[in-house]
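Chains as they are written, first to last, in our numbering: chain R, 675 to 1086; chain A, 675 to 1086; chain H, 675 to 1086; chain X, 675 to 1086.
Please note that a few of the clues may not be correct.
Given that identical chains are not distinguished, each listed pair holds provided it fits within a single copy or across any two copies.
[What the hints assert, rightly or not] Each computed SDA-like pair below joins lysine to any residue, with the alpha-carbon atoms no more than 20 angstroms apart:
#1 K776 to Y934
#2 K1027 to C794
#3 K1025 to G798
#4 K1027 to M926
#5 K776 to K1027
#6 K776 to D921
#7 K776 to P933
#8 K1025 to A1006
#9 K721 to G732
#10 K776 to E925
#11 K776 to M926
#12 K903 to T733
#13 K1027 to P714
Calculated from the structure, these hints are not laboratory results.
There are 4 protein chains.
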Amino acid sequence: MITLDHHPSGRHFLQIPGPSPVPDRLLRALSLPTIDHRGPEFAALGKRVLSGMQQVFGTQHPVVIYPASGTGAWEAALVNTLSPGDAVLMYETGHFASLWQKMARRLGLVPEFLARPGTCAATGLPLSWRHGVDAALIGERLRADPGHRIKAVCVVHNETSTGVTSDIAAVRAAIDAAGHPALLMVDTISGLASADYRHDEWGVDVSVSGSQKGLMLPPGISFNALSPKALEASRHAGCAKAFWAWDEIVEMNRTGYWPYTPNTNLLYALSESLDLLLTQGLPAVFARHQRWAAGVRAAVQAWGLPIQCADPAVCSPVLTGVVTPAGVDADALRALIHRRFDLSLGTGLGKVKGRMFRIGHLGDCNDLTLMAALSGVEMGLRLAGVPLAGSGVQAAMDHFAGHPAPDGPAAG
Amino acid sequence: MITLDHHPSGRHFLQIPGPSPVPDRLLRALSLPTIDHRGPEFAALGKRVLSGMQQVFGTQHPVVIYPASGTGAWEAALVNTLSPGDAVLMYETGHFASLWQKMARRLGLVPEFLARPGTCAATGLPLSWRHGVDAALIGERLRADPGHRIKAVCVVHNETSTGVTSDIAAVRAAIDAAGHPALLMVDTISGLASADYRHDEWGVDVSVSGSQKGLMLPPGISFNALSPKALEASRHAGCAKAFWAWDEIVEMNRTGYWPYTPNTNLLYALSESLDLLLTQGLPAVFARHQRWAAGVRAAVQAWGLPIQCADPAVCSPVLTGVVTPAGVDADALRALIHRRFDLSLGTGLGKVKGRMFRIGHLGDCNDLTLMAALSGVEMGLRLAGVPLAGSGVQAAMDHFAGHPAPDGPAAG
Amino acid sequence: MITLDHHPSGRHFLQIPGPSPVPDRLLRALSLPTIDHRGPEFAALGKRVLSGMQQVFGTQHPVVIYPASGTGAWEAALVNTLSPGDAVLMYETGHFASLWQKMARRLGLVPEFLARPGTCAATGLPLSWRHGVDAALIGERLRADPGHRIKAVCVVHNETSTGVTSDIAAVRAAIDAAGHPALLMVDTISGLASADYRHDEWGVDVSVSGSQKGLMLPPGISFNALSPKALEASRHAGCAKAFWAWDEIVEMNRTGYWPYTPNTNLLYALSESLDLLLTQGLPAVFARHQRWAAGVRAAVQAWGLPIQCADPAVCSPVLTGVVTPAGVDADALRALIHRRFDLSLGTGLGKVKGRMFRIGHLGDCNDLTLMAALSGVEMGLRLAGVPLAGSGVQAAMDHFAGHPAPDGPAAG
Amino acid sequence: MITLDHHPSGRHFLQIPGPSPVPDRLLRALSLPTIDHRGPEFAALGKRVLSGMQQVFGTQHPVVIYPASGTGAWEAALVNTLSPGDAVLMYETGHFASLWQKMARRLGLVPEFLARPGTCAATGLPLSWRHGVDAALIGERLRADPGHRIKAVCVVHNETSTGVTSDIAAVRAAIDAAGHPALLMVDTISGLASADYRHDEWGVDVSVSGSQKGLMLPPGISFNALSPKALEASRHAGCAKAFWAWDEIVEMNRTGYWPYTPNTNLLYALSESLDLLLTQGLPAVFARHQRWAAGVRAAVQAWGLPIQCADPAVCSPVLTGVVTPAGVDADALRALIHRRFDLSLGTGLGKVKGRMFRIGHLGDCNDLTLMAALSGVEMGLRLAGVPLAGSGVQAAMDHFAGHPAPDGPAAG
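Throw the hints in and build the complete structure from the sequences for me.
Given below as C-alpha cells:
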C-alpha cells in the first residue's frame, strides 16, 4: 500500500472543487465488509439511502442511484427522456455545460447551445463563463419555437469550471411564461448538498448529481431525481438504453434492491453522509458554505485578482474561480503550489485553461482548512512573482474572526 | 454507523458467488483519502492499474476500466462494436447469458439465442443450464450464415448462475473453422482472476469483467479488454454511445488519466488487489480455487445432492451450484441458514429459482472458511429435513486434509 | 504495511484464549484520530468508559483503568493494598495463578501457595490444575491464622491456562466463616465480560482484569475494581508505588481525566466495546459463551480426548483445554494446524506444556467460526495420527443445530 | 461510534505537544487484526521493532518496550537501577522534570532538585523554566559528593512543558569531569524522533521515551534504552519491581517475544512508524522539525509575544511556548480558540499555568498545517483583545516561502 501513500508528512490539502475531502467517518463506513446485495440487510440500506436522497434533492418523487460516476447520470437524463434527433436547448455557462452539450450531440440529439454573447474587456474571458444562465434568453428562444420542436432545456446549477451558479427557479418561470412543454433538466453535480436546491419546488424534471462533491463521498455514484412528467416522457423516449433505463430500477427500488449489482460500499458511505448532513440540517450546511465562500472571496479581493464570477449575486458557495494576471500561467502556479505546499487546486478548463485556477470550499473543511489553503495560495502567488494588492490571508482572517459560525466549529 | 453493522458477534460468512469476501488489506486501501484525479500522483496510479489489468486479462492490447458496475461493461461491449439492427449470436448457459441477450435486444440489436436442447431427466432442469457452451452448435450456425449477417458471437466464460464454465478457445476455433468474421465477445465477469483466462491467446475480441469477484473488490468497477479487431470495429459501429465510448478513454489512458472522474478509491483497492494477485502469481491463484472447488464438490457428492454442473470437465472453480430435492425450497433453506448461522449463500436465478442454491468459493477464503460454510449448509440441510446420504463436512475434511495446498496456508 | 499482513488468502482464525478476535467495529474505533487527553471531548469519553466498566464489573465503587497490559494490574492490586513482608494466601489453579504468586514474591510479599494435592491417574496432570479453587482449604488455612498475619487471599476466577473457573462467592463465604479480615483479590482477566462476574455481590475487594479477552480489545489496557475496604487499605499500604497508585487516579477520574497520559485510542475501542456489550446485555453475552463452550466440549468428548477441566460444574465458558494422548506433542500438533489451516490454538503452559492445547471460544465469534476451528483441529488430529473415537465436528454440529441461540445469529 | 466523533466538519487541528497528529498510515496499521503474541508471525514483528528502536535511540544495547504509557517508563528507569533511600540528582527544567522528581520521592528515593535560581524580570516566570540544564551546576554538585552518595543524575532532554531542550552531551561531560560514577538518566519522551538524540554517543545510561510524540503513535507504549552500566546496576538494585523488571524482558526479547502480553496493535503502528521514519532518514526528520520551529518562532516574534525559551540556542524543535501578556488568561484564550477554530493548543502546566500556551509542531504536520494553526492562534489573539505588534501569520508565510524544505512537500 506504500505506493498509494504520497504524503510523507501531514495530510494533503485537497481544495479542488471535487472530489471533495472525504470525512474520516465516511472513509470508515466505506471500509465495512461488503454484504449480499440480495440479502435482508441490504434492503434496509437501500431504502434508507433512497429516502435520504429524496430529502437532499427536495423531492417526493423517485431518485435513481447509479453505480457509476456523474458523467453517466448526464447520459441517463438524456437517454431516458428523449429520442434520436430531438432538439435540446442547452446553455453555455462553462466547460461542463459544454461537455454535456457535446455528449447530447454524440448521443444523436440536436442540441442548440445558447450563450450570453461577448467577451469581458478586463480579462478577455467569454462573458458567458462569468455569469449565470440568462433566463430571459431561454424564454425568448422558446417563444420562437411554437411547434415545440425543443424537447428539453438543460442548464447547469453550479458551474464547477467557473464558480458561477444559476437561478433555476427563474429558468422554470421563463419556460412556463413561454407556455412551452419542454422538460427542464438540471445538472447540480457540484451544487447538491452544498448549495440550496429544490427539485420539486423549482419544477425541475430531471436533476443530475454525483457523489464526490457536497455528499463528500469518493466518486463512483451518481443520481437522477425525476418528476412525474419525466417519468411519463421516459415511457415513449426512443433512445436506446439498458444500464441507464429508469423503469426496472425504479420498480425494483420499491423493495430496496437494484436490478443489477449496486455499489455496496459506496452506499455505506452514502448512508453515513446522509446521517451526517440530515442531522446537521441542510440549511446549516448551506450557510456553512456561504460563509466559507465569503471568506475566500475576501481573500481574492484583497489580492486584487478578479473573481471568475462577475455577478456577486450568483457567486458559488462551492468554489471560487480566481483569474490570474495576463502572463501568469495558472497551471504553472498550481504546480508550484502543489510541489511546495502539498495543496491541490482546480485547474482552468476549456476556454479558460491557464487563465484561472479554482479553490474548492466544499466537503470536509473548516475555517482553518481554508486558512491553510489560502496561505498556500498566497505563498505560491508571491513565489510566482504575482504582484498582490494586499494579503488575502489577512482579509480571510478578518472575515472568519469577524463572522462566527452560528453554532461553533461544527458549522465551521 | 451502527445501522450499517448487522453482525453483533463474529464475522458474517459471505459465500455467495460475488460480491466475494473482500480482503481487509483491500478494505484498508479503499479507505485512503481521495486524491485529485487530475494531479500527478493519480497518473502513476492509473498507469499501474491499467498495466496490471492487462496482465490479469492476458493481453497486450488496451483494457478499459469503467467507474460503473459490471452490467455497464456488457453494454459497453455491445454499443462500441455494433450498429442498431445487427444480428448477434448468443448462447444460453444460464441466467446471466439470458440477461445479456435481453440487454442486446433492448439496445436495438437482434440477438439469436442458441441453447443445447432438452431437459435433464433427473432434475427437470434445462440441459443448457447444466453444461457449457457447445462450440459445435456455434460453428454450425455460423456456417449457415454465408452472408455474415451475424456480427458477433457472445458467450459467458463462467456462468455465475449455474457454476459451469465454457471452453472459450473451442468457441474461437469453431468461428475460425467456419471462416466467419464475427467478433467473439466473452463475459468473464465471475471467471477473471479466479479461473484461467487468456484474452489474446484465445482470440477474444472483447472480454467483459467486473471488480467484485476474482479481483475481490466491492462492486463498482468494470472492464472491457479489447482486440485490435474490436477497436477497428468501434470506429464504424453505429450504436449511440458517450459514457461507454472507448475512443476518448483509450486515448486519455495513455497518460494515466480518464476523460471523466474515475472511481478513485476503488482504483486504490484495485491497485492493492493487483499487487496481491500478481505477487502470488495467477497460476497459484487458479490452483487455489480448483482445490477449494474440489473440496466443496466432495461435500455435495457426500450429501447425495446433484451438482448443477452435469459435466465434470467444466465445473466452475468459482462456485458450485447445488440442486435441492424436489419439494425442498432452496430459498427457504437459504433463509434458514442465514438466520441461524449468519451465512449467505447464492440464490437460484431465473429458470432454476427455488430449485438450487450456490456456494461461492472465491475471494478472500481459506480451507477453514469453506469448512465453516459447509458446516452451516449441512446443519441447515438437516434442520430443513433434507435426507442426506452422508456427511459432506466429513468428505470435505478428507479432501482438504488429504490434499495439502502447494505452499501452505497462503495458498490455502 | 505488507510485512504486517501474514495471511494472503482468507482471515486467520485466532482461537487462542486471548487476545480474542477483535470485532471490526472495535478496530475501526481504534483508528479514530487521537484527541487531546486534556480537552473537553476527552472528559466525556473518560466518564463514559469508567461508568461502563462499573456495570461490567458489577460494582458501585471506583474502577481504575491502566494504560498498561494485564500483568500490570496484578501488580497494582498487590502494591496498592499491601506492605513489604505481608503474608498473602494464594491458590494454585494453574500457570497464571503461579505467575501471580511469583510476582508477589518478587514484590517483597510472602505468598503461601495452596493447592489441591495429588496427581490425576488418567492424565498424570496435577489435580490442582484440573479443578477450581477448594474454598474449604482456604477457610481451613485462615482459621489457622488467628493472628491475622495473612493480609490477602488471591484467587483466579477463570484460569486461562486450564479452562477451569472457580466459585468466588464460595471463597468469600469461607473467609467470612473463618471470621478473617483478609482482603479478597480476584484475577478475572480472562473471565470478565465472558463469564458471570459480580464484584460487589460476591464481596471482592480487588478485581483484576484486562482488555484483550471478553472486552475484545487488543491488549494494552487493564483494570482494578475496588471495594471501600481495599481503598481504606491503600491508605496505609507500605509498598512503593507511583504509576500504579490508585489515589491520584481515582481522584482525577471524577472529572473524566487521568493524572498521566491515558491510552486514548484503546479507550475509543473500549467505549465501542461497552456500547456493544451493554446493548446486548451481559446475560445474553454469558449465555452465548456457555452455548459455544458446550458445543466445543461435545466435540472433544466425541474425539475421546480428556477435557483439562475435570469438574463439569466449573468448565470455563471462555476456553476449553484438551489433553493430548501420551506421546502426542501438543505443540507439534498446534504447529501443524497453524501451518496447514491458518488457525492459532493456545499452547499448554507451565506444568502442562506439551500435554494439552487450548481452544478459545471468546471474543468476536459465532457458531461457524467455531465449526471452522473444530474442523481445523479434527483435520490436524488426523494428520498427526491421533486415534479419535469419533468426529467432534459432527458432535458440535449436532449441538449447534440442536440448540438454537435464544435470539438468532446475534447471539451466535 | 457517533459519540466518538466530535468534529462535524473538517479535521480537528491537534497542535498540542503530544499526543501528536497520527499519520493515517499508522492509524490503518493500528487497525490490523490482533495476532497470537506467541505465534511465529509475532517474533518477526517483535524483532523488527526492537531493532528499529535501537536505530532511533542511537544505541547498540537493549531497548525495552513497555505496554504502558510514558510515566511508566520513568518509573522503570528508577526502580531497575536504584535502591530505596538512594540519592538522586534531578534538575528542574519545568513541569515534567518536577513530576519525575515527585515520582522518585514517592518510590522511596531521595531526590535533590537543582535549578537555575532567579525569576525573569520581564515575565515573572522562574528562570529555570526558560533555560536548559546548566551542566556546570551539576558538575559542581557532583564534585561536592566525594562519597558518591548520589547514584544517578536525571535530566529532561526536551521539556514538554516549556519548549526548552538541554545539552545532554554537556551533562555527560560534567559528570565525567567530576569523576563521579552516577548513572545518567534522560527523559527524552518528547524529544526522541523529532530532535537529535544519541544514546550511546552521549553516554546516557537510561533513556526514557514514549510513543505519542515523535514516533507519532497514540499513547500506550513506552521505552527504556539501556547502557551496559545500567544493566549491571539493575542486577543489584534494591527497589521492588516486577512488571517493570528489565531482566526477563531483555532475556525473552532475544527471540522476539515478551514475558507478558505485549501491546500488539500499537506495535503494528510502531513498525509502520519505524518504516516511515527510517526510510526518510532521521536527519531529514530532525531538519523538518527545526524548519517548522523556526517558522513558528518567527510568528511569535512578529506578534511581539515572549517565547518561553529564553535561550535561542536551545529552543525546542518540537513545540514553542508562548507567554501571554499579564492579564491575559492563556487558558481562556485556548478555550476560545478551541471553540471557534477546532484547534487544540497545549496548556501551561504547573508554575506557568495560565501564563503561557504551547504550540506543538511535531507529528504528522506540514507547512500548511502549521499555517492553519498559526491563523487560528492569530485570530484567537485578536478576538481576545491581545495587542499584537504585527502579523505572525505573515511572518510565518515569509519564513516558509523563503526557506524551501530540502526535498519538497515530503520534508514539509
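Hint-by-hint comparison with the structure:
no. : hint           : result
1   : K776 to Y934   : between (29 angstroms within a copy, 13 angstroms between copies)
2   : K1027 to C794  : within (16 angstroms within a copy, 59 angstroms between copies)
3   : K1025 to G798  : within (11 angstroms within a copy, 63 angstroms between copies)
4   : K1027 to M926  : between (44 angstroms within a copy, 18 angstroms between copies)
5   : K776 to K1027  : within (18 angstroms within a copy, 44 angstroms between copies)
6   : K776 to D921   : between (26 angstroms within a copy, 15 angstroms between copies)
7   : K776 to P933   : between (30 angstroms within a copy, 13 angstroms between copies)
8   : K1025 to A1006 : within (17 angstroms within a copy, 51 angstroms between copies)
9   : K721 to G732   : within (16 angstroms within a copy, 40 angstroms between copies)
10  : K776 to E925   : between (31 angstroms within a copy, 17 angstroms between copies)
11  : K776 to M926   : between (32 angstroms within a copy, 17 angstroms between copies)
12  : K903 to T733   : within (13 angstroms within a copy, 47 angstroms between copies)
13  : K1027 to P714  : between (50 angstroms within a copy, 17 angstroms between copies)
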